[in-house]
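*Asks:* From first to last, the protein sequence lines are chains B and V. Note that the numbering used here has the first sequence beginning at 443, numbered continuously upward. Note that the numbering used here has the second sequence beginning at 443, numbered continuously upward.
Hints were generated in silico from the structure; no laboratory data involved. There's no promise every hint is true.
Some chain B residues flagged as far from chain V (calculated, every beta-carbon gap over 10 Å) [claimed, not checked]:
no., residue
1, S479
2, V572
3, T599
Covered, in the sense of this in silico footprint (three residues per stretch, anywhere, with C-beta under 8 Å from a C-beta of chain B), are these stretches of chain V [said to hold, decoys possible]:
no., region
4, 579-585
5, 604-616
Every residue gets a Cβ at the ideal spot worked out from N, C-alpha and C, and that includes glycine.
2 protein chains.
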Amino acid sequence: MLRAMRVVWEALLIMLLAIFSKGTGTKSDGTISISSSHCLSWRLAVESNNVRGWRTVPTQCWHYIENYMLRGQYDRDLDLVLQQIFAYLNDIPLSNDGMDAWILDVDDTCISNLFYYNGKRFGCDPYDPVGFKAWALRGGCPAIPAVLGLFTKLVETGFKVFLVTGRDDETLAQATRDNLHNQGFIGYERLILRTQAYKGQSAVLYKSEIRKQLEGEGYRIWGNVGDQWSDLLGDSLGNRTFKLPNPMYFVP
Amino acid sequence: MLRAMRVVWEALLIMLLAIFSKGTGTKSDGTISISSSHCLSWRLAVESNNVRGWRTVPTQCWHYIENYMLRGQYDRDLDLVLQQIFAYLNDIPLSNDGMDAWILDVDDTCISNLFYYNGKRFGCDPYDPVGFKAWALRGGCPAIPAVLGLFTKLVETGFKVFLVTGRDDETLAQATRDNLHNQGFIGYERLILRTQAYKGQSAVLYKSEIRKQLEGEGYRIWGNVGDQWSDLLGDSLGNRTFKLPNPMYFVP
């Protein structure tokens, strides 16, 4: 009897520990802890473009963002946006003049820098241009599978897909091209990197300019997908924009 | 001994029930349940304008949204946006020509319809124009305290505050005016309701038109705050927009 009671007691203790020991976790009444709920507010404010020009993830949110990126919620958030994109896509009246276009950003839209940011405390460390360049030159960013699925569908459907990135044309063109290729991004119309002419310009201005040029060439931009608000603001935005989640960094 | 064991056993049972019985709750390992995490993705997608034109909250998210609105996270999300607004506000170089303007939406920006939506399953029921009109005519919407604080600060600082609402001018002007007054919204420059000329127009077009007119009068719109993306898209948006959370309904 004593033994049976000890088993029950130990089970109870383990559960209590599991529930109450986590600083960034959740509590048994279904609410989340103060730190976690604050970081959730911060993430929401970032995704809805209310917090702008931020340089680092608040340090208190390091493990919250780590959990978010690695434990499923990022993937679920991404999947829901992709569902919306597919629903929209299916209703587009495609012409057969070859001028139906779609724009995708590259970093953390087509291919992921999650491994890199893992080493940067998921964005709690400030932007490190040298470190990022070295990472990008390795050409080892994995595809974001849901977006690769979208890309493939777009190409198969007959869209001209333009990959527009703020990466430096001079130094990163070949590595980026190789990386996209080794991850299955094959069949796009053009990969557009930032040339000398756009150096120092904000991403909003640079990408607006590129989209304006594409429209000038006669393309109809049906969709525009990026993980940064700077991909989705400015001019010639396209018929519809979609914001993919990214709570790790902000590109002005 | 048997009695003591029963006490422990019952405690264990109660905890198990508390943890695992909630469809929308959280689990002991710190993750949230499938339903809850899906509704979190949905809410994020709504707030980042990825889900558009939705007519009702997904029924599976009823209690999730109820919890969100009533148990603190909505207030925390709102407070974080308000902090951003105040930080922005403090850096505005005010002139003394009396033309510095700020725009606030009314419903679920200045005053809350939470009590009403409580009776509409927090948005799982479809929009009920007759019911909403009856509710609005009662003039009993409580102020959203954080936004009343912003309003008061704006008026004190010398901004001309324009309250711009899609509510019908003919039938709801007096009730809205009274409601705002009884909740402390005193000292605004103008309350602008939807007149006959704008009936049937989308909120984006109607509100763009109003803002254009204000700019035509010479006002500089520094800030524009609303709970709907239709408050914050279109023309003459103002120098900066802020999206307040609202997962209960979508105004096209």
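*Asks:* Does each hint fit the structure? Answer for all of them.
*Replies:* Status of each hint after checking the structure:
Consistency note on B/S479: stated as away from chain V, yet its beta-carbon is not over 10 Å from all of that chain's, at 6 Å minimum. With 10 Å as the threshold on Cβ separation, the claim that B/V572 sits away from chain V holds: the shortest Cβ distance comes to roughly 31 Å. Every C-beta of chain V lies more than 10 Å from that of B/T599, the closest at about 21 Å, which supports listing it as non-interface. With 0 residues bearing a CB less than 8 Å from a CB of chain B, the region 579-585 of chain V misses the requirement of three and the coverage assertion fails.
A count of 0 residues in the region 604-616 of chain V with a Cβ less than 8 Å from any Cβ of chain B is obtained; the coverage claim is therefore unmet, three being the minimum.
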